[in-house]
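Take these sequences, add in the hints, and give me the full structure.
Protein chains in written order, with my numbering: chain A, 1 to 161; chain B, 1001 to 1106; chain C, 2001 to 2245.
Hints are computed from structural coordinates only; laboratory data are not their basis. Positions of the beta carbon are idealized from the N, C-alpha and C atoms, including for glycine. Errors might be hidden in some of the hints.
[Said to hold, decoys possible] Here are the in silico distance ranges between beta carbons for each label pair:
(1) 1035/B x 2216/C: 56 to 64 Å
(2) 2135/C x 1016/B: 52 to 60 Å
(3) 1104/B x 2067/C: 22 to 30 Å
(4) 1056/B x 2015/C: 51 to 59 Å
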Amino acid sequence: MSDAPRVFNRRTLVTRAVHVVAGAGALALSAAPARATPDMMSEAIRKLVGGAKVNEGRVTLDIPPLVENGNTVPLTVAVESPMTEKDYVAEIHIFNEKNPQPYLVAAYIGPRAGKAEFATRVKLNDSQHIIAIARMSDGSFWSDGADVIVTIAACVEISEQ
Amino acid sequence: MTRALVNVPARAKKGDIIEIKTLISHPMESGYRVGYGGEPLKRDIIQTFSCDYDGAKIFLAQFSPAVAANPFVSFHTVATASGKLVFRWEGDNGFEAEETAEIVVE
Amino acid sequence: MWIGGALADEIPRDQRRSGYETMRPETRAMQDSDADNPATLWVLDGEALWNKREGAAGKSCADCHAGAAPMKAVAARFPRFDAARATPVDLEQQINICRRDRQNAPPLAAESHDLLALEAFVAKQSRGDTIEPNREPGAKESIEAGRKLFNERRGQLNLSCAQCHDDNWGKSLGGANIPQGHPNGYPLYRLEWQSLGSMGRRLRNCLSGMRAELWPRDAREYVDIEMYLMSRAAGLKMESPAVRP
Chain A
1 MSDAPRVFNR
11 RTLVTRAVHV
21 VAGAGALALS
31 AAPARATPDM
41 MSEAIRKLVG
51 GAKVNEGRVT
61 LDIPPLVENG
71 NTVPLTVAVE
81 SPMTEKDYVA
91 EIHIFNEKNP
101 QPYLVAAYIG
111 PRAGKAEFAT
121 RVKLNDSQHI
131 IAIARMSDGS
141 FWSDGADVIV
151 TIAACVEISE
161 Q
Chain B
1001 MTRALVNVPA
1011 RAKKGDIIEI
1021 KTLISHPMES
1031 GYRVGYGGEP
1041 LKRDIIQTFS
1051 CDYDGAKIFL
1061 AQFSPAVAAN
1071 PFVSFHTVAT
1081 ASGKLVFRWE
1091 GDNGFEAEET
1101 AEIVVE
Chain C
2001 MWIGGALADE
2011 IPRDQRRSGY
2021 ETMRPETRAM
2031 QDSDADNPAT
2041 LWVLDGEALW
2051 NKREGAAGKS
2061 CADCHAGAAP
2071 MKAVAARFPR
2081 FDAARATPVD
2091 LEQQINICRR
2101 DRQNAPPLAA
2111 ESHDLLALEA
2121 FVAKQSRGDT
2131 IEPNREPGAK
2141 ESIEAGRKLF
2151 NERRGQLNLS
2161 CAQCHDDNWG
2171 KSLGGANIPQ
2181 GHPNGYPLYR
2191 LEWQSLGSMG
2201 RRLRNCLSGM
2211 RAELWPRDAR
2221 EYVDIEMYLM
2231 SRAAGLKMES
2241 PAVRP
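See the structure below:
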């Protein structure tokens, strides 16, 4: 080791490490099936809403704009609603455009929730647009969207023997 | 060994909106990954999570393979009556788990 | 003498801080409450194992230790140095020593669910306790061995641990923040792993990242590095079981 040529300064070494790690990641992913596309997401949304109009507003999708690890991304959806027997949020559906499948999660709530808000954690394959759509008791749809940047973890596990 | 953790306030006033948090140990294997030896890893996910309270299903979630491992869900409900909340998770390969919590409503 | 001969400068005491400080708020929130921290699932399993009678001796951990209270601050003082056998012993090894000597039970496999669960339960009793420098006779030798390993360049990238964690902490490696590399939260739930994992697993990840050969699972090198890292982290508070990206 001691007679190895010293070609790189520390700064280049660290940059170089990133490239090698990213290269290994790409290799590991090559076996995975093709990703979903924005078209697949649109199709999934069409299946949910049929021909109905999806309004913007009343829904707040809270998801970090820059996530530290795509394996566990926390998200919260809250919908403005009086949550009475006559006027409530019935369902909340969350979609993505670049995971293998366009669906992330769906929640069925109803007037007894008192507050139309739920949280969970999802895996995101890549930086992409996420859409939350709420179906109200009157049949109307409301939505919010957010862009998420997913960074690649450094020094990922290659093998755990 | 499946371990579930539910957090429900022990006491609440009638009409209060309470927050419920749940965690369960599960790999949520998406079916889109390969193992260290290059072999495809078969899908193994929880498909549904629900909560029953005071005579009705008050919350139901449908999970896709994209829900993160050891699924976390939080949601709300109105404290209506003292009694038991029953949480159920069901999924691939016959996976079933149930957990309960008691609440006193005054 | 290895390349880059001189030891890198250590981080000044008053600048040492837990990886928690540089995490994003949503990741900190996962650690802040037991109801949100997935590691709690392991802690609960660990508590059950702590109270379970095991092995030919038919004794539980709780039978000897009179409950979990005596475990307070214990993880903040591990690894300890076993003077009789002239070797450092980390918490996982100590659990298996207890199983052998007190319970007459087979050892739990490294990185197994049960070992991580027991370790998480024990380490949690030290949450908030301050890491103290290890002054046991013999510990100094292990700390120095760990310090040397930490500063040695290795692997195809010819990197040392110190180059990232002493010289470049706070900067980015790809999109990830480079932490100072403190051991104050193990075993911890890593979002990347989607699971609880040990200090040893983290060190093996770093070695993989450096394109270096891994030491065997039970190699003393891992425990020497852990000894050094704990001395380097003296003054920080224990967070086990922590959450990290």
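For each hint, the structure was consulted:
| no. | hint | in the structure |
| --- | --- | --- |
| 1 | 1035/B x 2216/C: 56 to 64 Å | violated (22 Å) |
| 2 | 2135/C x 1016/B: 52 to 60 Å | holds (53 Å) |
| 3 | 1104/B x 2067/C: 22 to 30 Å | holds (29 Å) |
| 4 | 1056/B x 2015/C: 51 to 59 Å | holds (56 Å) |
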